[in-house]
Amino acid sequence: MSADSKKKQNEAHKFGIETRAIHAGARPDAVTGARNTPIYQTSSYVFDDAEHAADLFNLQTFGFIYSRLTNPTVSVLEERMASLEGGRAAVCAASGHAAQFLTFFTLLGPEDEFIASRNLYGGSITQFGLSFKKLGWTCHFVDPDNPENFRKAITSKTKAIFIEILANPGGIIVDVEPVAAIAKEAGIPLIVDNTMATPYLCQPIAWGADIVLHSTTKFLSGHGTSLGGALIESGKFDWAQNDKFPSMTKPEPAYHGLTFYETFGDFGFSTKARAVALRDFGPCLSPANAFYTITGIESLPVRMERHIANARAIAEFLDSHSAVSWVSYAGLKSSSYYELAQKYLPRGPGSVFTFGVKGGYDSGVKVVEGVELFSHLANIGDTRSLIIHPASTTHRQLSEEQQAKAGAGPDVIRLSIGLESIDDLIYDLDQALSLV
Amino acid sequence: MSELHYKDSFIRKILIETKAIAMVGCSANWNRPSNFAMKYLQGKGYHVIPVNPRYAGKEINGEQVYADLADIPVSFEMVDIFRSSEAAEMVTDQVIELASEKKISVIWMQLGVRHDEAAQRAEAAKMSVVMDRCVKIEYGRLFGELGWSGVNSGIISSKRPKVRV
Ligand SMILES: Cc1ncc(COP(=O)(O)O)c(C=O)c1O
Chain A
2 MSADSKKKQN
12 EAHKFGIETR
22 AIHAGARPDA
32 VTGARNTPIY
42 QTSSYVFDDA
52 EHAADLFNLQ
62 TFGFIYSRLT
72 NPTVSVLEER
82 MASLEGGRAA
92 VCAASGHAAQ
102 FLTFFTLLGP
112 EDEFIASRNL
122 YGGSITQFGL
132 SFKKLGWTCH
142 FVDPDNPENF
152 RKAITSKTKA
162 IFIEILANPG
172 GIIVDVEPVA
182 AIAKEAGIPL
192 IVDNTMATPY
202 LCQPIAWGAD
212 IVLHSTTKFL
222 SGHGTSLGGA
232 LIESGKFDWA
242 QNDKFPSMTK
252 PEPAYHGLTF
262 YETFGDFGFS
272 TKARAVALRD
282 FGPCLSPANA
292 FYTITGIESL
302 PVRMERHIAN
312 ARAIAEFLDS
322 HSAVSWVSYA
332 GLKSSSYYEL
342 AQKYLPRGPG
352 SVFTFGVKGG
362 YDSGVKVVEG
372 VELFSHLANI
382 GDTRSLIIHP
392 ASTTHRQLSE
402 EQQAKAGAGP
412 DVIRLSIGLE
422 SIDDLIYDLD
432 QALSLV
Chain B
111 MSELHYKDSF
121 IRKILIETKA
131 IAMVGCSANW
141 NRPSNFAMKY
151 LQGKGYHVIP
161 VNPRYAGKEI
171 NGEQVYADLA
181 DIPVSFEMVD
191 IFRSSEAAEM
201 VTDQVIELAS
211 EKKISVIWMQ
221 LGVRHDEAAQ
231 RAEAAKMSVV
241 MDRCVKIEYG
251 RLFGELGWSG
261 VNSGIISSKR
271 PKVRV
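Protein chains in written order, with this note's numbering: chain A, 2 to 437; chain B, 111 to 275.
Derived by calculation from the structure, the hints in this document are not laboratory data.
Where a beta carbon is used, it is the ideal one built from N, C-alpha and C, also for glycine.
There's no promise every hint is true.
Said to hold, decoys possible - DMTMM-like mimics (lysine to aspartate or glutamate), calculated; alpha carbons at most 25 angstroms apart, straight line:
(1) B:K154 with A:E299
(2) B:K269 with A:E299
(3) A:K237 with B:E113
(4) A:K334 with A:E317
(5) B:K154 with A:D50
(6) A:K237 with B:D242
(7) A:K237 with B:D118
(8) A:K185 with B:E113
(9) A:K251 with B:E196
(10) A:K135 with A:E112
(11) B:K123 with A:D239
(12) B:K168 with A:E52
(13) A:K344 with A:E186
(14) B:K154 with A:E52
(15) A:K237 with B:E248
(16) B:K272 with A:D50
(17) B:K154 with A:E263
(18) A:K251 with B:D118
(19) B:K212 with B:D226
(20) A:K158 with A:D239
(21) A:K160 with A:E186
(22) B:K129 with A:D49
(23) B:K129 with A:E52
(24) A:K185 with B:D118
(25) A:K237 with B:E196
Stated by the list, open to error - Where chain B lies over chain A, by a calculated footprint (3+ residues, C-beta under 8 angstroms):
(26) 25-39
(27) 254-265
What the hints assert, rightly or not - Sample of chain A residues with no beta-carbon within 12 angstroms of chain B, all distances over it, derived:
(28) H14
(29) M82
(30) R119
(31) R152
(32) A182
(33) G236
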C-alpha cells in the first residue's frame, strides 16, 4: 500500500469511544513531549505584545488570556467531552449547576420561558423553578411520559426544552426522539442532561439533542473527587431560523457588537457561553478538577460495564426481597421503561435507581442508617456504592406533591451502585433491610 | 443539499502551500468575521490582500485594499470569498480566467457560502475548491489551536504536534 492510500484509509477511520475516552483532546505536549495532560496551574498567560493581547481580547485569535475563560488543562476536558458526545464544541464549568446556568443565561432574556421534564434531579427543579424565576425566566414542568405534553406547553415565549434522558433519582427514561421532533418543529433547542447515562451509555445528539449538559462530578470524574460541569453543543442548531435567539444572531453589546452565530458558526453557542456568561459570572472549572476528571474519563467505559453489572444484580436482589415494595430500575423486565431502555441505553440503564421500602419514611431512615459498606451521602456516580433517602435530603426542599412527582416520595431510597464485590453489596443491603 | 466532506490532508496541504490570500468581501469593520479571519491569518504569516470596492485605495489591517481581483499587482495562491453564494459564482468565474496570470490554485468559500456549479467549473479548470468552511477555523483545527476553545478537532494522535509558524 502506498503511503498516500494508507493515509486516506486512516482518515476514514472512526475511533471508538474507548479510544476517544483516553485520547480525545489530549496529544502530547508540543514543547516538552509530556504524554499525560499537565495541570496548568496558572491564573494567566503572557501576551507576545500589545497587538497580540488586543487580538485575544477581541476573540480574533485563539489563545489563552486568563483561566476564568480558558485554561489548557480545562480545554483538554472540553474537547474530550465534545468528542465523546459527538458534538462540535464544549465549555466546562465549576459544577453541573453552573453549566446549566451558563446555558440558560446564553439562551434566555427576561420574560423568556422554557419547558422542563418534571423528572429531574431535585437541585435542578429548585434552580429552574425558584432561583431562575428571580432572573425573570419561567420554567414550566411537564410529565415527560407523554411527549405531547411538551408540545402542549409551548408558547411564543418558549425558548428551549430540557430533559434528563435517564432521570435522577432513577428508573425513568424519556422518549427523546419524539421530544426532539417537537422541539425542532417549534424551532427551539432540545437540551438533554446526560449525567446519569454518560456518553458511554447514550449519546443524545444522535437522537436529536441540540445541547447536552453534564455534571462531570458523577460518573465522568467517577471517583467522588471533583465537582465539575460541561455543556456540549451539537453544532447543528440553526439559530437564525427565527427571531427567538437575538443573543446569537444580533450584535452583542456585552462584546463590542460581535455577532456570535455569524462569526463562530457551529460553535457560536459555546463561544458565547464562554465569552459572555463564563466571563461575567465566573463559574470556571479549576485545572486540578479538570485533571482529575480527564483521568476519570479514561476508564469510563470499563467502569460503566461494572457499574451496570452490579446495578443489575442488586436490582434483581431487591426485586425479590420481602421488605421491598417496588424497584424502579429500567433494566428490569417489569419496568414500564424497559422498552425505552432497550432503545436508548442498550448497554444498560445506568447504576442509579430507587426502590420503595415497606413502612415508609421511618423504614427509609432505618435502612440508610443501617448500612455499613454503602456510604450515606448526597452524590451519585462514585466507585463506592452510595445510598440516600431523597425525601429527607436531596429532594427535601420540594413539596410532598413535587417529591412524589419527582419519584422521591417518603418510602423511596436511592442507590448509586459502585464497583465493589457484588456479594458484599448484597450482604450489606440485606442486613440493613432486616432492620425494618 | 448534501453535506460537504474534505479530507484533513487536502485542507492541510492547501494551508501549508498557500502564502498569499486575496480576501474578497473583506470588511474594514473590526468586528466582522472577514476582518477577524484576516487578522488571524496575518498573525500566522499569510499575506492577506483585501478586495472590496467600497474601501479601494484605503487600508485594512495595514494592507492596501483593491477594488477588484484583476487590480492586484502580485500573484496569490488562494481567493477566499466572503460574499453571498450567488456572488461567489461570479467571483469564481473571474478567478478561473485570472488563474494562470495570478498563479491562483485555490478557491475557498467561507462558512455559509456554497455554489456547486461554480465549484465544478473551477475543479474542471484544475483548481482546488473548498466551500462552506472558514480558513481561520480550519487552520486552528488542523494546527491544534481550536481545541483551546473546546472545539472538537476530531484529531486523535500520540505524536507530538508540530506547531506551525
Ligand atoms: C442529573 C444531574 N444533573 C445535574 C446535577 C448538578 O450537578 P452538580 O452537583 O455538579 O452541580 C446533578 C447532581 O446531583 C445531577 O444528578
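Hints and how they fare:
Between K154 (chain B) and E299 (chain A) the CA atoms are separated by roughly 34 angstroms; this puts the pair beyond 25 angstroms, and the hint is violated. Using a Cα cut-off of 25 angstroms, the hinted pair K269 (chain B) and E299 (chain A) holds, with the two alpha carbons roughly 18 angstroms apart. A hinted pair counts as satisfied when its Cα atoms are at most 25 angstroms apart, and K237 (chain A) with E113 (chain B) qualifies at roughly 12 angstroms. Proximity of K334 (chain A) to E317 (chain A) is assessed by CA-CA distance (about 10 angstroms); at most 25 angstroms being required, the pair is judged to hold.
This hinted pair checks out: K154 (chain B) and D50 (chain A) have alpha carbons roughly 15 angstroms apart, not beyond 25 angstroms. A C-alpha spacing of about 14 angstroms is found between K237 (chain A) and D242 (chain B), which places the hinted pair at or below 25 angstroms, so the restraint holds. Between the alpha carbons of K237 (chain A) and D118 (chain B) the distance comes to roughly 21 angstroms, so the proposed pair stays at or under 25 angstroms and holds. As the CA atoms of K185 (chain A) and E113 (chain B) are separated by approximately 19 angstroms, the hinted pair is consistent with the 25 angstroms bound.
Of the supplied pair hints, the one linking K251 (chain A) and E196 (chain B) holds, its CA atoms being roughly 24 angstroms apart against a limit of 25 angstroms. Distance restraint check for K135 (chain A) and E112 (chain A): the Cα-Cα separation of roughly 11 angstroms lies within the 25 angstroms cut-off, and the hinted pair is therefore satisfied. In summary, the hint linking K123 (chain B) to D239 (chain A) is not supported, as the alpha carbons are separated by about 31 angstroms, beyond the 25 angstroms threshold. With a CA separation close to 21 angstroms, the supplied pair K168 (chain B) and E52 (chain A) stays within the 25 angstroms bound.
Proposed proximity of K344 (chain A) and E186 (chain A) is supported: the alpha carbons are some 23 angstroms apart, at most 25 angstroms. About 14 angstroms separates the Cα atoms of K154 (chain B) and E52 (chain A), which keeps this hinted pair within 25 angstroms; it holds. For the given pair, K237 (chain A) sits about 18 angstroms from E248 (chain B) by alpha-carbon distance, which is consistent with the 25 angstroms threshold. Distance hint between K272 (chain B) and D50 (chain A) is fulfilled; the C-alpha atoms sit about 23 angstroms from each other, no more than 25 angstroms.
Straight-line distance between C-alpha atoms of K154 (chain B) and E263 (chain A) comes to about 22 angstroms, which keeps the hinted pair within the 25 angstroms bound. Of the pairs offered as hints, the one joining K251 (chain A) and D118 (chain B) is violated, with about 32 angstroms between alpha carbons and a cut-off of 25 angstroms exceeded. A hinted pair counts as satisfied when its Cα atoms are at most 25 angstroms apart, and K212 (chain B) with D226 (chain B) qualifies at roughly 23 angstroms. Pair hint K158 (chain A) plus D239 (chain A) holds up; C-alpha atoms about 18 angstroms apart against a cutoff of 25 angstroms.
Distance restraint check for K160 (chain A) and E186 (chain A): the Cα-Cα separation of roughly 12 angstroms lies within the 25 angstroms cut-off, and the hinted pair is therefore satisfied. The hinted pair formed by K129 (chain B) and D49 (chain A) meets the criterion: a straight-line CA distance of about 23 angstroms does not exceed 25 angstroms. A C-alpha spacing of about 22 angstroms is found between K129 (chain B) and E52 (chain A), which places the hinted pair at or below 25 angstroms, so the restraint holds. Among the hinted pairs, K185 (chain A) with D118 (chain B) is inconsistent with the structure: their alpha-carbon atoms are about 31 angstroms apart, more than 25 angstroms.
Among the hinted pairs, K237 (chain A) with E196 (chain B) is consistent with the structure: their alpha-carbon atoms are about 24 angstroms apart, no more than 25 angstroms. Coverage of the stretch 25-39 of chain A by chain B holds in this model, with 8 residues showing a Cβ closer than 8 angstroms to a Cβ of that chain against a need of three. Requiring three or more residues with a Cβ within less than 8 angstroms of a Cβ of chain B, the coverage given for the stretch 254-265 of chain A holds, as 6 such residues are present. Remark: the non-interface label on H14 (chain A) conflicts with the geometry, its nearest Cβ contact in chain B lying 9 angstroms away (cut-off 12 angstroms).
The beta carbon of M82 (chain A) sits about 8 angstroms from the closest Cβ of chain B, which is not more than 12 angstroms, so the claim that it is off the interface is violated. With a closest Cβ-Cβ approach of about 31 angstroms to chain B, R119 (chain A) is found to remain outside the 12 angstroms limit, as its non-interface label requires. Every CB of chain B is more than 12 angstroms from the CB of R152 (chain A) (nearest about 29 angstroms), matching its label as outside the interface. Every CB of chain B is more than 12 angstroms from the CB of A182 (chain A) (nearest about 21 angstroms), matching its label as outside the interface.
The Cβ of G236 (chain A) sits about 8 angstroms from the closest Cβ of chain B, inside the 12 angstroms cut-off, so the non-interface label is violated.
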